[in-house]
Every structure is written in C-alpha cells, then in structure tokens.
Amino acid sequence: MKQSVKRTRTLAAILTAAMLWALCACGGDAGQNPAEGAPSSVSEQENGAGQTSSVTVTDMMGREVTLEEPATRVVALTASDCEILYAIGAGDTLVGRGTYCDYPAQVSEVPVVDSGSETNLEQILALEPQVLLMSTMSQTEEQAKQLEEAGVHVVISDAQDIEGVYTAIEMIGTLMGKQEEAAGVIQSMKDTFSQIQEKSSGDGSQTIYFEVSPLEWGLWAAGNNTFMNEIAEMMGLKNCFGDLDGWASVSEEQVLERNPDYILTITTYSGEGPLPEEEIMARPGWENVTAVKNGAILNLQNNELSRPAPRLAEGAKMLYDFVYGEE
Amino acid sequence: MKSPKQRFGVLEYLIFTALIAVIFCLCVCVGSVNIPLGKTLSVFQNALSSLVRQYLFHQPALSPAETVSSILLTVRFPRVLCVALTGASLSLAGAAMQGLLKNPLADGSTLGVSSGAALGAVTAIAFGIAFPSLPFAGTMVMAVLFAFLSLLIILGLALKLDRTLSSHTVILIGVIYSMFVSSLMSIVITFAADRVQQITFWTMGSLQGKGYKDALILFAALLLFGGMILLHARELNAFAVGEENARHVGVNVRRVKLVLLIAVSGLIGVCVSIGGTIGFVGLITPHLLRMLTGPDHRRLLPACLFGGAGFLMLSDLAARILLRPRELNIGIITSLAGAVMFVLIFYRTRRGRSC
Amino acid sequence: MLKVTDLSVRYGQKQVLDHLSFSVEEGQWLMVTGPNGAGKSTLINAVTRGVEYQGEIFLEGEDIRQKKPAELARCMAVLTQSHEIAYDFTVEEIVSLGRYAYSTGFLSRPGSQDQEAVREALALTGLYDQRNRSVLTLSGGELQRTFLAQVFAQNPKLLLLDEPTNHLDLIYQKQIFGLITDWLKKPGRAVISVIHDLSLAKAYGSLALLLHHGAAAAYGKTQDVLTPSYLNPVYGMDVARWMKEMLSQWEDKSV
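Protein chains in written order, with our numbering: chain E, 2 to 328; chain R, 757 to 1111; chain S, 440 to 694.
Hint data in this document are derived by calculation from the structure and do not stem from the laboratory.
Mixed in with the good hints there might be a few duds.
[Claimed, not checked] Within a straight-line C-alpha distance of at most 25 Å, the following computed DSS-like cross-link-like pairs (lysine-lysine) qualify:
#1 R:K969 to E:K294
#2 S:K613 to S:K683
#3 S:K507 to R:K1013
#4 E:K294 to R:K795
#5 R:K1013 to S:K506
#6 R:K916 to S:K453
Treat the numbers as computed from the prediction; the structure is a model and nothing was measured.
Okay, chain E solo, but in the shape it has when bound (with noise of 0.2 Å):
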C-alpha cells in the first residue's frame, strides 16, 4: 500500500514535470491573431475654459482613453507604433521602446524595455509614460488593466489591413495632438498605392511568392489577409499562396509546382554567406521556377511590407519599381 502511494507520488511528479516542460516547449511559438475588425472612431474636444484641450480617442479595441492634453511621455512596445510616431514628427515624445522596435535609425537612443512574452510592467512604469502604445498580438489583458491602474493610459493598435494603418495613424495622431502631420502621412500612403494602383498594367496573370522564411528553417508563405497579398492585388499581381490564409508554412513541392513569376523574400541577410535571393536562386531543383529563370526575386528585408506602419506604401513602391521597371 505505502509503496503504491510512494509509485503514485512519483508518477505525479514525473507527469508535472513533464508537463511544465512541455509548456516551456510551447512557449515559443506565438501565433497571428485573427482580424478583430473593430473600426475605431477617434474624437477631440475642445475645452472651452483653457488653453488646455483634453483628447478622447477609442483604440482599436473598442476602449475609450481620455488624456488632459496630448501626450507628451510615450511607451511603444510594438515596432509599428515606433514608426508611426516618428512619421508623425512625434519621435520626441518616446521614452521607452519595445524590443523589436528598430526603425528609424533614431530609435535606437531610446531606452529599450522587454516586449512579447517577456513584457516588464515594472521596466515600463520606472519610465513614468503617460501613454503606452501597443498591438494586441502579444500583450495580456491583465497587463493593460494593471498598468491602467496604475496611472499609465493604454493604448491599442490592431491594424489587420492597410485601411486598418490609416485608423492607427489617425488615432495616434489625435493622442499626440498631430492630427494634420497624420492626415498628411494618410495622404501620401493613399497618394503612393493609387498611383501605384493606376500604372499597374497587371492582369492577375503573373504571379508572386511572397516568402516569409527560407528554405533552411522551413518555408513560411504569406497567404490572404496580409499586406504583402493585399498588396500584390494592388498590382495587378496574383499571390501564388493566395489558397492560405495568413502566413503559412507549405511545402517546397507546392512553390515549384506554382512557379511564381516573382519572388519576394523578407529574409534579413545574416552577415555572411550568400545574399537572401542568391541563396534562393542556388537552391537545387529551384532552375526551373519562371522567377529563378529570369531572377526576378526581390529582397526587401526590413520589414517594409510585414508591419502596418506608414513605410508599407515605400514597401509597395519599391516592388511596384521592382516589378514593373522605374520610371
């Protein structure tokens, strides 16, 4: 008796163990988080008895926030939020920064706090923001409410589609009192994407692989519903992996059976070895992809068209120059 209750403790801490370690296994992975789809609507009141003019927006969650006055003091975990402050001319006002946060070249002088997973409420308090900017792909609830309490305002950006980056843009705008450099910033994205929309002599005919991570650590396509597709059709151009929604690991059989025309790799180049699209245009059975053939392929490897910031429309531009030849 005793030793069954000793052989049943033991497999009960086998079990846990093995557990907790499956769950560390887990833990690597994040997965993308489907479209939310909330429209956002933003809004200023002026207050009548001052200078001052306090500034209400509601995030891309649904949540309204309301500051006293523009924010002056801002947290950005999320490396599209970054961007779209410094384009708005509101990169003075950033006192911390996500990890992943690597654009424009300034950025880097801003201190650096733990995002994703690893997100530090205390690192982030130390700052004393008045806002924190971040996405809904890797922050917790529990995190927003207890930073809220806190005195921190969170903010919430969840652009799923490029109509979805013009809300960010404007809502940041309006928090940071820079509703005219955002309109402007809309404008020109708009400006870029119809021109590029007008010129494209694409039929759908040719199509595009848009590939998310090479060869060696396991192809990942970017399907339906994101920027690159939502792009490609702004082309004129058929996203080869269009079947699949989101990024998407497929088979290599699959890209040489599709043989696109083109070739988009976001792959960042390592510092040694060959060239992302050298390094595709070696692979061995690859010859006879139409876009090896005519080495077509593109590397554009600093996430211009993977995150919803102002920098997709150059992203655009420079596959649209790509694709078609400049002007």
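Take the given structure of chain E and dock chains R and S to it, following the hints.
For chains R and S alone, kept in the frame of chain E given last:
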C-alpha cells in the same frame, strides 16, 4: 515451441528490405504535389539512363528541364533519403541507449540528449562557431559534442542520486535536464535575438529542403557510428540484463560503454544538426520491434535500422500531405505518436513490476 | 588457486576491507561470513575487479590486474543474490551470455563448443525444457537457477557466490547448494561464497573467513573458525546456544 533464432536471418532481411522499399516508393510517389505514377516512373527512368550515359559514356549530365522532375529528383527523392537515414540512425541510437541503460524508456528525447545537441547547434549559430573549409561542420561538431556532454551529465547525475540507475530516476533527470537546456537556449537567444527564427528551428525538427549532400553525411554517420553499435550487439545484450552481470561475464564495461556513448552521441548529434530535434523515434520503434524480434540485440538492432527508417518516412509523408499545401513539422507528428507510446510503455512497465 | 595478500578497500574515509590475506585451493569451498556491514560483498567486488583495491590478488599465479575482463571471466564467474530483469529474454539467451568471454571478436559466432556448454548447463540445472521461456515469467528459484546455469556455461575455475540463496524458498536453497556441490567435484575448481547463514556455511564449507568490520577475525578450516570463541565476540551473542535453541524446536516428537 520453436526455438527463437539468434540472428537476423536472410529471410527477415529480405522481408524488411522489401517492406522498406515499398514504403520508400510510396513516399517518393506521394507528396504535397500530385504527380501521376506514370510520370514519376518516366522521370526516374530518364534520370537513370542519364546517369548511365554520364558515367559509362562520359556524356554531359542533363539537368532536369521540367518542374515535375525537379520536384521528384532534387526535392522529394533526397528528402525521403534523408528521412530514412535519420529514422534508422535515431532508432538505432534509441535501441542502444535502452540496452545500455537497461531502461525501455531511454531515448535521445526522453533523456534530453537531443535537446543538448540542439543547444550545441544553436550555440554554434549564435556565436558563429564555424570551420571555414567545411560549410556546416560547426553546428555538427558542436551538436555531437553537446550530445556527448549531455549524456555524461545525465548519467553522472543519475549515478549520484541512485546507484542502480533505476529507469524512473534516469527519466526524471532527463526531463529536468531538458528544462535546464531549454532555459539555456533562451539565454543564448537573448544574445542572438536576430537569429531567433533559425534557433527555433532546432527545437522542432524538419527535413524540408535537405539534399543529397545531407543524405551522404547521414549515411556516413550511420555507417561509422551505427556500425559501432551493430558490432556491439552481444555486449548490449549483456548490459540489457544488467551492467554488473555484463562485467561478470567478461564485458569490458568501461570501454564498451564509452564506445557506445560516443556512437549514440555521434548519431544523435549529426541527425539533430541536419534535421533538428525529432523526438521519440528512438523510443517507439525499438519498443514495437522488440515485441517482434525479442530483446536480443543481434536481431533487434538490424530490425531497428529498417523499422526506424520506415516509421520516420511514414511520419514525414503525413507531415507533407495531411494539410497540403501547408506542411507540418515532422517533429510534431513523431512527438504526438511518441507521447502516447511513452504513457503506454510507462504503464506496462509499472504494471509488470507490481505483479 | 586464488591467493589474496594484504587486501584493503576504502570508500572515501571508510575502510571497508582491512588488510585481508587468504587463499583458496582446488576443491575447496571458502565461506566468507560475518555480520551485516562486515565487508563480505565488497570482498567479492574486489576479487572481480568491480572496485579499486590495494594489495594483491593472484589467480593461478597471475595478478588479476593484468588480465583483460574476458580473460578474467573465463577463469571466474559470479552468481549474485538477485536479478532485476527489464526485458523478456529467454532462459537460453541469459545462459548463452555466459559464453561471451569465449568469443569476444566482433564477428565471431558462437561455435559448437559454446552451444554444447549452454546445453549442458541447461541440462544440469534442469532448465532444458524451459529454455524458451521468458525470464519475466520465472519464479525466484527458477530465475536463480537460470543465472546458475549461466555461471556453469561460463565454465570458470573459481566460482564466486554472493548470498546466492538469500531470498529463496528452502527447496531451492537445497537444490542450488546441491548443484554447486556436484559442480565442485570436478577437478580444477574452487568456490568462494559470501553467506550469512552460519549453518549452511558449516554444512558445505571447507574453509571459512570470518569478517568483522572489514578485518579477518578468523580464517582457517570451517570447524576451527566457526567456533564460539571467534563467533561470540563478532556477533555479540552466544551464537551456538541460539542455534541449538532454534534447532531444538524441531526435535519435538510431534513433528
């Protein structure tokens, strides 16, 4: 009762070879992209005659001109080859560990040896350890080295805590060691945040994009290290009865143990550096095959070569076609099957002991 | 046959065996006895090179340190008290392992001599009909006989026994001691056994070594060593009186 044979006879070899050949053909003919059987056959026929022309008549080789032949000859065929060799290697390594430690639950994945090897490979990537003349020798050498060190650490700890090396102590230490390694892995990742994607690859195995060169390396490793294991089948029998008994019947315990540990680390290290950690292959196949061949390693080990190859080829086939055009990591398939099997074996050995 | 001079073994600070000297000749059965923790099993481990030792152990005039494991195994075999089996080997497979030392080359196959030795050992221990049974299904006595057969197949000159019948029913105890007695009758053989049952030691042994805290309290012919003058101080009681008392239980006419 028929007296069981001591060796893997000619008949068994024939049956297993035929079975493996069938699975191999199946895995080459079926894939993410559907290619009609007739087309597949003609592609291989052409490839063969081109090879003959090249080597017998010294005519220049024709590079495959069609997508279908690229898919078959440069993508699918070498990949299936790599999968088969990896399966055979991991299964052999598992069988050797189970014999050596007299523990049916021992395997590269349950003991944390694979994780250790992956840590070695990751360290090599993160800190740019490489040998200029050999393209991916850096990760390979580090993986083999770390696999060997992991084995020493796990066995050393187990010996300190429980001299009899009871199965559950060893497994428990293996699990704890795996957790330890995964936190070390996180630390390495913080030093090389720009290579997270490459690093996470090592934690979930895949043989996508592997070519003939990888197959050749795997084959060489199997020949060398697998040969070392196959030549020690009788010693493994003695260890499987008990290390003390092995010493008493005249096994040079220290030397044989060292040789086997090196061979096991070599196999696991090379496999991990090429395909990442593919769990539980070494646990499942020896266990199933033991029911067929009995525990005598002179029969079990050859059976594992075939069985491991077959099992992994089928797992890879599942990974390729279950969600096509998407592709699963092969490690996901084997871990799913392996976790269930682990519980079954655990349950059986427990029950066996209490009655 | 075996000559041990000044044998000492230390585990860390603990002196487990303390300057032992003894020898065993052909046809003799040495009983190593003493209370728990006296160092009996360590003695077997030292002689089989399972632990590091100081002093000298010579087998047939050769230092055992100079011998390869297989050479040593051809000269001496060990039967331990219990066996935990993890895999379902057959009886014959276990017994065949006894022939390991005779064909250590990588590619050598067991020859007819090996098969004959295994067959003989199986027959001798009455296991021939059971040779294809899984050892997981055997009783404790059958399992011990299987390992005895392995030891016989090994065809050693010196047989070492470490409490071989400790957990066995009396019938198996009798069986196994009978088998070993018969084995010893052939020329060129000797037995050393570690045993704590003093009656068995007296009944079967020709020599005895009485250990106390790792040192020899007495060594010589069984009848000279297993006497009250040596036993009583070592065990801290009147051993002979206790044995007689126990025995008297059986002298009752009602049995």
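Legend entry - Straight-line alpha-carbon gap K969 of chain R to K294 of chain E, limit 25 Å: Measuring from Cα to Cα gives roughly 24 Å; hence the hint holds.
Legend entry - Pairwise hint evaluation, K795 of chain R against K294 of chain E, where the allowed Cα distance is 25 Å at most: Judged against 25 Å, a Cα distance of about 24 Å means the pair holds.
Inset, instruction - Given the hint that K507 of chain S pairs with K1013 of chain R, test it: the Cα-Cα distance must not exceed 25 Å. - result: 16 Å, holds
Inset, instruction - Take a quick look at whether K916 of chain R and K453 of chain S sit within 25 Å of each other, Cα to Cα. - result: Judged against 25 Å, a Cα distance of about 18 Å means the pair holds.
Legend entry - 25 Å Cα cutoff - pair K1013 of chain R, K506 of chain S: Holds, at about 19 Å.
Legend entry - Restraint check for K613 of chain S with K683 of chain S, where alpha carbons must lie at most 25 Å apart: 21 Å, holds
In summary, this structure violates none of the numbered hints.
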